[in-house]
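Listed below, chain by chain, are the residues.
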Amino acid sequence: MKCKRILFLTGIVLAAAALAVAAGFTTAEAAKAQKAVILATTTSTQDSGLLDVLIPMFEKKTGYFVKTIAVGSGQAMAMGAKGEADVLLVHSPAAEKKFMADGNGVERRLIMHNDFIIVGPPNDPAKIKGVKKAAEAFKKIASSGSIFMSRGDKSGTHAKEMDIWKAAAVKVEGEKWYQQTGLGMGQTLAVAAEKKTYTLADRGTYLALKKGLGLDILVEGDGILLNIYHVIEVNPKKWPKANFAGGKAFADFMVSKEAQAVIKTFGVDKYGSPLFFPDAGKKVEDLGL
Amino acid sequence: MDIILDGIRQAFILLFSLDPEVIGITWFSLKVSGTATFISLFIGMSIGTVVALTQFPGRHLVVSLINTGMALPPVVVGLFVTIFLWRNGPLGFLEILYTPAAMILAQAIIATPIVMGISLASMQQLPRKLRLQILALGATRLQMVWILIREARLPLLAAVMAGFGGVISEVGASIMVGGNIKGYTRVLTTATVMETSRGNFDIAIALSIILLLFAYLINLVLTYIQQRERPR
Numbered sequence: 249m250k251c252k253r254i255l256f257l258t259g260i261v262l263a264a265a266a267l268a269v270a271a272g273f274t275t276a277e278a279a280k281a282q283k284a285v286i287l288a289t290t291t292s293t294q295d296s297g298l299l300d301v302l303i304p305m306f307e308k309k310t311g312y313f314v315k316t317i318a319v320g321s322g323q324a325m326a327m328g329a330k331g332e333a334d335v336l337l338v339h340s341p342a343a344e345k346k347f348m349a350d351g352n353g354v355e356r357r358l359i360m361h362n363d364f365i366i367v368g369p370p371n372d373p374a375k376i377k378g379v380k381k382a383a384e385a386f387k388k389i390a391s392s393g394s395i396f397m398s399r400g401d402k403s404g405t406h407a408k409e410m411d412i413w414k415a416a417a418v419k420v421e422g423e424k425w426y427q428q429t430g431l432g433m434g435q436t437l438a439v440a441a442e443k444k445t446y447t448l449a450d451r452g453t454y455l456a457l458k459k460g461l462g463l464d465i466l467v468e469g470d471g472i473l474l475n476i477y478h479v480i481e482v483n484p485k486k487w488p489k490a491n492f493a494g495g496k497a498f499a500d501f502m503v504s505k506e507a508q509a510v511i512k513t514f515g516v517d518k519y520g521s522p523l524f525f526p527d528a529g530k531k532v533e534d535l536g537l
Numbered sequence: 079m080d081i082i083l084d085g086i087r088q089a090f091i092l093l094f095s096l097d098p099e100v101i102g103i104t105w106f107s108l109k110v111s112g113t114a115t116f117i118s119l120f121i122g123m124s125i126g127t128v129v130a131l132t133q134f135p136g137r138h139l140v141v142s143l144i145n146t147g148m149a150l151p152p153v154v155v156g157l158f159v160t161i162f163l164w165r166n167g168p169l170g171f172l173e174i175l176y177t178p179a180a181m182i183l184a185q186a187i188i189a190t191p192i193v194m195g196i197s198l199a200s201m202q203q204l205p206r207k208l209r210l211q212i213l214a215l216g217a218t219r220l221q222m223v224w225i226l227i228r229e230a231r232l233p234l235l236a237a238v239m240a241g242f243g244g245v246i247s248e249v250g251a252s253i254m255v256g257g258n259i260k261g262y263t264r265v266l267t268t269a270t271v272m273e274t275s276r277g278n279f280d281i282a283i284a285l286s287i288i289l290l291l292f293a294y295l296i297n298l299v300l301t302y303i304q305q306r307e308r309p310r
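First to last, the sequence lines map onto chains C and X. Residue numbers for the first sequence follow our numbering, so the first one is 249 and each next one is one higher. Residue numbers for the second sequence follow our numbering, so the first one is 79 and each next one is one higher.
Note that these hints are calculated values from the structure, not bench results. Ideal Cβ placement from N, Cα and C applies to all residues, glycine included. Incorrect hints may have been included.
[Stated by the list, open to error] Cross-link-like lysine-lysine pairs, in silico, DSSO-like; alpha carbons within 30 Å at most: (1) K458/C - K260/X; (2) K330/C - K496/C; (3) K207/X - K496/C; (4) K260/X - K402/C.
[Claimed, not checked] Across the chosen pairs, the derived CB separations fall in these ranges: (5) V153/X - K414/C: 30 to 36 Å; (6) Y294/X - A493/C: 44 to 50 Å; (7) V154/X - G462/C: 45 to 51 Å; (8) L93/X - E506/C: 32 to 38 Å; (9) W425/C - G147/X: 38 to 44 Å; (10) D372/C - T301/X: 51 to 57 Å; (11) Y294/X - K346/C: 28 to 34 Å; (12) L83/X - W425/C: 51 to 57 Å; (13) P488/C - A217/X: 28 to 34 Å.
Let's have the full structure, built from the sequences with the hints guiding it.
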């Protein structure tokens, strides 16, 4: 009998705890939920610090509240395709085109570019320094059996790397010299530096981490190494719960003169050269290295 | 070695200059993990006590499940909480993914089995005859439970420390359900991960030191309460 009373009391305590939590949810969050925009983006825009400048500007101007979820471009698009993000800032053009063709996005606009670089230890065991073509350099890395550190995370950088392997006609699966971190760009660069291996990096993250890394730029300037960022609004017809107005406001902001001016000069004071080049209104075909 | 010394110096600069961002992140970490631990105390201690003091068929199975739950990996909790809280998931109507509420929920799920398991063990190690004696003195069942909890308060405080320690140091679930959003869901652990991947090792070390410092201070207070009177 009395045992039942204990269970009853336990139940009351449980219910009270649940209520307290639920009350916390609704009161504090309801106000913010209305104006929240979920931005799914690649790690490089956050790790380089660019978004720390742009997002407060956007929030101040529009009153929206941006929830930045920094993941690889692959995961960002997967979130968009499931309606779990409102707007994407990504750099994986082939996958983006498929994303649009599948009807997941409304509009895809060019924002900015920089470039990828092949970095490696200064002693350069595969002798790729100064090679003009990225594919040629990858072939040399493969044939010399020097270790290459891949992101291996379906990010935009990883997609670009796979393109270059394809161009080089090298099969990497199961090769001993081909290793995958499954981590973001910053961490992959740190692993590559520690193990003195080659890797493909976006210039922005490399410049931000360069100090004390001990990896040199060995190959740059090939057309295939172009790194292009687009902003995509998620299709509200497919996902009525998505905050389309907020997503569109963010996309519009990214192509605005104000934001483009910030992108143009971002990083100059710290690294001596800009990390990104603003491209709003241009065509991809006109970009070049 | 230089980098560690730099980190320590940076930690003191950040702490004593009362850097608003670091203070904000620290305070927020304590708030989230404190709330989660508090919730887990209610649920964990009540269920732990009931299981410790009753006999029922399948009890061994329940106890083994609770003990397994003590080793619940935070990333697994993070993954499932994320899937449930997706806008188009079963609990999507709550709209709490990437909010502090989601972090509290995930951390409470991580801490509850820890608190439950330790409460269960500490209530069970009380001498069996104590219960009979208390009842024989005319206490009601409820009074008996209260006296037993008082008797077991030293190991129960260990449950609080273990639960709190488990969630304040956890990163996997917090980054998945919170999203590490600046000024909103960024806690000490997720900030440390981000600063590391940005190559700001000195700030990462500074944040780690602040985290250790607060974990130590809180456990110091709890230990002081626990050891105030020597166990007989």
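Worksheet entry | Violated hints, by number in ascending order, as checked against the structure | 3, 7, 11, 12 and 13
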